[in-house]
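Residue numbers (the working numbering), protein chains in the order written: chain H, 253 to 778; chain P, 4 to 301.
If you're looking for bench data, these hints aren't it; they were derived computationally from the structure. Keep in mind that the hints are not guaranteed to be accurate.
[To be verified] One side only, chain P facing chain H, incomplete, derived with CB under 8 Å:
1. 150
2. 151
3. 153
4. 260
For every residue, glycine included, the Cβ atom is placed at its ideal position computed from N, Cα and C.
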Amino acid sequence: MKSSIRAMLGAALVVAAALNAAPAAAQKTIKFIPEADLKSLDPIWTTAYITRNHGYMVYDTLFATDAKFQVHPQMVDKYETSKDGLTWTFTLRDGLKFHDGAPVRSADCIASIERWAKRDVLGQKLGEMTESWTVVNDKTFRLKLKKPFAYVREALGKPSSNVPFILPERLAKTDAFTQVTDPTGSGPFKMVTAEWVPGSKVVYVKNTDYIPRKEAPSWAAGGKVVKVDRVEWLYIPDSATAANAINAGEVDWWQQLPSDLVPLLSKNKDIKIENTDPLGSIGMIRFNHLQPPFNKQKLRQALLYVVNQQDYAIGIAGDPKNGKPCASYFTCGTPLASDAGSAVLSGKRDLEKARRLVKESGYKGEKVVVLDATDQPIVHPQALITTELLKKIGLNAELQAGDWGTLITRRSSKEPVEKGGWSIFHTWWVGPDLATPALNSALRGAGEKAWFGWPNDPEMEKLRDAWFEAPDLAAQKKIAQQMQLRAWTTVPYIPTAQFTIPTAYRTNLSGLLVSPMNLMWNVDKK
Amino acid sequence: MGVVALFVFSLLYISPGDPAAVIAGDIATAEDIARIRAKLGLDEPYMVRFGNWLWALAHGDLGVSIFTGLPVARLIGQRIEPTVALTLCTLIVTIALAVPVGVVAAWKVGTWIDRSVMGFSVLGFSIPVFVIAYLLIMLFSMQLGWLPVQGYRSINEGWWPFLSHMILPSAALGTVYMALIARITRATMLDVLSQDYIRTAQAKGLSSNQVLLGHALKNASVPIVTVIGIGIALLISGVVVTETVFAIPGIGRLTVDAILRRDYPIIQAVTLLFSGVYVLINLAVDMSYTFLDPRIRY
Numbered sequence: 253m254k255s256s257i258r259a260m261l262g263a264a265l266v267v268a269a270a271l272n273a274a275p276a277a278a279q280k281t282i283k284f285i286p287e288a289d290l291k292s293l294d295p296i297w298t299t300a301y302i303t304r305n306h307g308y309m310v311y312d313t314l315f316a317t318d319a320k321f322q323v324h325p326q327m328v329d330k331y332e333t334s335k336d337g338l339t340w341t342f343t344l345r346d347g348l349k350f351h352d353g354a355p356v357r358s359a360d361c362i363a364s365i366e367r368w369a370k371r372d373v374l375g376q377k378l379g380e381m382t383e384s385w386t387v388v389n390d391k392t393f394r395l396k397l398k399k400p401f402a403y404v405r406e407a408l409g410k411p412s413s414n415v416p417f418i419l420p421e422r423l424a425k426t427d428a429f430t431q432v433t434d435p436t437g438s439g440p441f442k443m444v445t446a447e448w449v450p451g452s453k454v455v456y457v458k459n460t461d462y463i464p465r466k467e468a469p470s471w472a473a474g475g476k477v478v479k480v481d482r483v484e485w486l487y488i489p490d491s492a493t494a495a496n497a498i499n500a501g502e503v504d505w506w507q508q509l510p511s512d513l514v515p516l517l518s519k520n521k522d523i524k525i526e527n528t529d530p531l532g533s534i535g536m537i538r539f540n541h542l543q544p545p546f547n548k549q550k551l552r553q554a555l556l557y558v559v560n561q562q563d564y565a566i567g568i569a570g571d572p573k574n575g576k577p578c579a580s581y582f583t584c585g586t587p588l589a590s591d592a593g594s595a596v597l598s599g600k601r602d603l604e605k606a607r608r609l610v611k612e613s614g615y616k617g618e619k620v621v622v623l624d625a626t627d628q629p630i631v632h633p634q635a636l637i638t639t640e641l642l643k644k645i646g647l648n649a650e651l652q653a654g655d656w657g658t659l660i661t662r663r664s665s666k667e668p669v670e671k672g673g674w675s676i677f678h679t680w681w682v683g684p685d686l687a688t689p690a691l692n693s694a695l696r697g698a699g700e701k702a703w704f705g706w707p708n709d710p711e712m713e714k715l716r717d718a719w720f721e722a723p724d725l726a727a728q729k730k731i732a733q734q735m736q737l738r739a740w741t742t743v744p745y746i747p748t749a750q751f752t753i754p755t756a757y758r759t760n761l762s763g764l765l766v767s768p769m770n771l772m773w774n775v776d777k778k
Numbered sequence: 004m005g006v007v008a009l010f011v012f013s014l015l016y017i018s019p020g021d022p023a024a025v026i027a028g029d030i031a032t033a034e035d036i037a038r039i040r041a042k043l044g045l046d047e048p049y050m051v052r053f054g055n056w057l058w059a060l061a062h063g064d065l066g067v068s069i070f071t072g073l074p075v076a077r078l079i080g081q082r083i084e085p086t087v088a089l090t091l092c093t094l095i096v097t098i099a100l101a102v103p104v105g106v107v108a109a110w111k112v113g114t115w116i117d118r119s120v121m122g123f124s125v126l127g128f129s130i131p132v133f134v135i136a137y138l139l140i141m142l143f144s145m146q147l148g149w150l151p152v153q154g155y156r157s158i159n160e161g162w163w164p165f166l167s168h169m170i171l172p173s174a175a176l177g178t179v180y181m182a183l184i185a186r187i188t189r190a191t192m193l194d195v196l197s198q199d200y201i202r203t204a205q206a207k208g209l210s211s212n213q214v215l216l217g218h219a220l221k222n223a224s225v226p227i228v229t230v231i232g233i234g235i236a237l238l239i240s241g242v243v244v245t246e247t248v249f250a251i252p253g254i255g256r257l258t259v260d261a262i263l264r265r266d267y268p269i270i271q272a273v274t275l276l277f278s279g280v281y282v283l284i285n286l287a288v289d290m291s292y293t294f295l296d297p298r299i300r301y
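Kindly generate the complete structure, drawing on both the sequences and the hints.
Written out as structure tokens, the structure reads:
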């Protein structure tokens with residue numbers, strides 16, 4: 253009898269303890285709608301920004317750029333430069349590990365940088381300057397240059413595509429034109445490949461082995477402290493559905509909100525709408541310099557006098573708060589931006605002068621083909637506005653509409669318009685990609701080796717080379733101004749507007765970082 | 004199927020667009036794109052590419068996605084369940100509702116019931132699927148909060164999560180299908196109900212239900228089943244829109260995404276899959292005639 257009472261009491265105690273046990277901590281999951289579908293995992297193989305953003309989740313970098321454009325060590329603990337500037341020695345931080353548990357070694361870093369340098373514009377420049385990379389030991393490696401190059405850290409800390417992410421050597425040895433499909437990195441998140449549904453869902457979990465730096469986060473620099481357990485990227489292609497989903501609380505954060513849906517979401521007190529991208533993007537009108545009529549400089553100049561950047565800003569952004577003029581060939585808000593010579597674009601519009609320049613160019617009524625991508629909300633309005641301007645100044649302009657896939661195929665054609673070529677296309681680049689001569693490929697004058705449009709301007713190339721040799725920021729700025737003045741004359745392209753796309757998130761999130769890249773560390777969820 | 008294979012491959016070959024350019028991104032140079040194209044084998048002549056594809060297909064290899072590098076079979080396998088679930092739910096709901104509604108409309112021809120059914124079917128044809136979808140979301144998800152806005156839950160996650168995510172998409176997708184089947188059912192039933200044997204059955208004292216279901220519907224079923232089979236094509240096209248609006252990770256969305264980025268292996272595989280399914284469905288419809296009408300023998 254006593255034993256049975258004891259047994260019952262014991263059971264009751266166990267039950268009571270179980271009932272009073274602290275509930276298991278619920279997993280914190282952020283549900284996020286990204287700007288695009290993640291199709292490729294290799295941030296060297298493609299420059300797509302969604303892949304870059306994925307890269308920041310799973311990889312880390314040797315150096316990183318902060319909000320003041322200063323470059324800081326990230327994976328690197330310390331570095332030294334020889335007195336002649338030809339030898340750089342890097343030592344990695346302690347405890348860096350890949351997601352498979354293997355330690356990050358010098359060989360991994362060297363192989364990753366060499367692969368990146370085969371594809372990236374700045375990497376190629378670094379590659380030109382490099383004599384050798386050598387492993388000193390597993391944590392220390394050395395770069396030997398052919399001649400001093402002041403942009404080593406800037407190159408290794410490049411913030412936007414292609415970012416020099418560090419991969420395991422076994423993956424980094426993959427040919428740079430072959431895609432790496434294994435997302436193993438050493439970054440603050442791990443990708444859960446078993447749950448990846450391309451076109452629909454990407455899942456990341458916190459990398460509990462990651463050791464963040466102690467500094468406060470700023471852009472890609474500083475401490476990458478992950479405050480949630482899981483992040484789900486849910487690609488919802490339909491904007492109305494995405495708006496309803498965030499309104500209903502089914503998702504927490506929508507990366508890029510179309511401007512026409514801002515009033516709808518603004519009514520919901522549980523949603524904040526902010527601009528977390530300080531530099532935004534820059535639209536551009538790009539000419540075909542190989543074929544008539546825009547092989548004539550005066551005709552390209554003519555358009556400068558009728559382009560009204562405010563019209564393009566409204567056309568792209570919809571809301572004046574999200575778009576503004578930026579009459580500079582280097583992103584407004586960055587150190588090299590200036591108004592040198594910009595009156596030609598920002599001053600009073602002069603239709604008569606434009607028409608005069610058309611006449612002086614010897615234009616004979618050749619057909620002007622403007623490529624349009626109706627599925628791209630940034631390209632399409634630019635194409636419409638430009639076509640009207642061209643007609644206004646007396647050109648025989650024809651808008652040829654297709655989709656983005658067709659546009660980027662056609663623009664590689666160097667044929668005349670009668671054989672499927674083109675005269676003008678529009679696009680946009682994010683602010684960091686146009687911030688310096690090192691990165692701004694559209695400004696280059698390398699002729700048929702240049703980016704689509706193929707401007708041939710040896711003088712611009714000389715100025716660019718001189719910029720790399722510039723000893724300090726003041727000298728860089730001076731050369732950048734010279735390049736800009738040259739660009740207003742030769743008109744490789746016309747910048748149309750600087751615009752930002754707002755982000756929307758529910759008020760249970762905090763800690764979103766202001767950055768041109770979408771970064772998910774530091775974000776917490778209540 | 005061989006003709007379909009040749010047709011779809013050739014159409015893709017001649018259509019504008021270059022997946023290598025999409026992969027390389029906006030900042031890439033022409034040389035980068037050319038190298039990627041060569042790596043992917045996209046610069047090879049038509050006959051070589053077609054031959055390689057056919058050879059792989061004959062060995063059950065649907066190829067690899069140009070963009071993700073994942074096997075196409077795996078991508079389709081991931082996406083087939085939501086599409087099959089959506090299609091089956093839509094079919095069940097549609098047939099369960101549309102056939103009885105069409106029967107009743109025919110039975111009560113000329114009355115307000117008949118006119119309401121006809122009015123509904125005109126609306127069903129006229130209003131695009133995505134408009135219906137948005138209206139349903141607005142009412143049932145946003146205003147009432149009864150059902151989710153988007154997404155898909157597998158049946159493994161429970162009956163209610165599965166069903167709650169299927170109700171609105173099935174209703175949206177099924178509207179046009181219901182309109183079609185209700186109309187055809189009504190028209191066929193009207194024809195059958197005017198036959199002598201129906202008058203005889205009524206004269207013998209059979210109840211309305213026995214006349215309608217036991218005699219009339221059975222004889223009207225062959226054309227109805229034919230239209231159901233043909234209407235699968237309507238469903239397939241509607242699935243693409245429905246999956247996009249409701250963010251369902253099905254084959255419809257996979258196809259649209261693949262077309263926009265020129266992921267040829269996926270487009271080819273999915274087109275063949277849809278064609279094959281359509282052929283099988285029509286075969287099943289043809290074979291069902293022998294059950295529905297004993298006079299039909301092959």
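So, going through the hints one by one against the coordinates:
1. Hint status for residue 150 of chain P: violated, given a least beta-carbon distance of 10 Å to chain H, over 8 Å.
2. The criterion of a C-beta within 8 Å of any C-beta in chain H is met by residue 151 of chain P, whose closest approach is roughly 6 Å, and the hint holds.
3. Hint status for residue 153 of chain P relative to chain H: holds, with the closest Cβ pair at about 5 Å, below 8 Å.
4. The interface hint given for residue 260 of chain P is met, as the beta carbon of that residue sits about 5 Å from the closest beta carbon of chain H, less than 8 Å.
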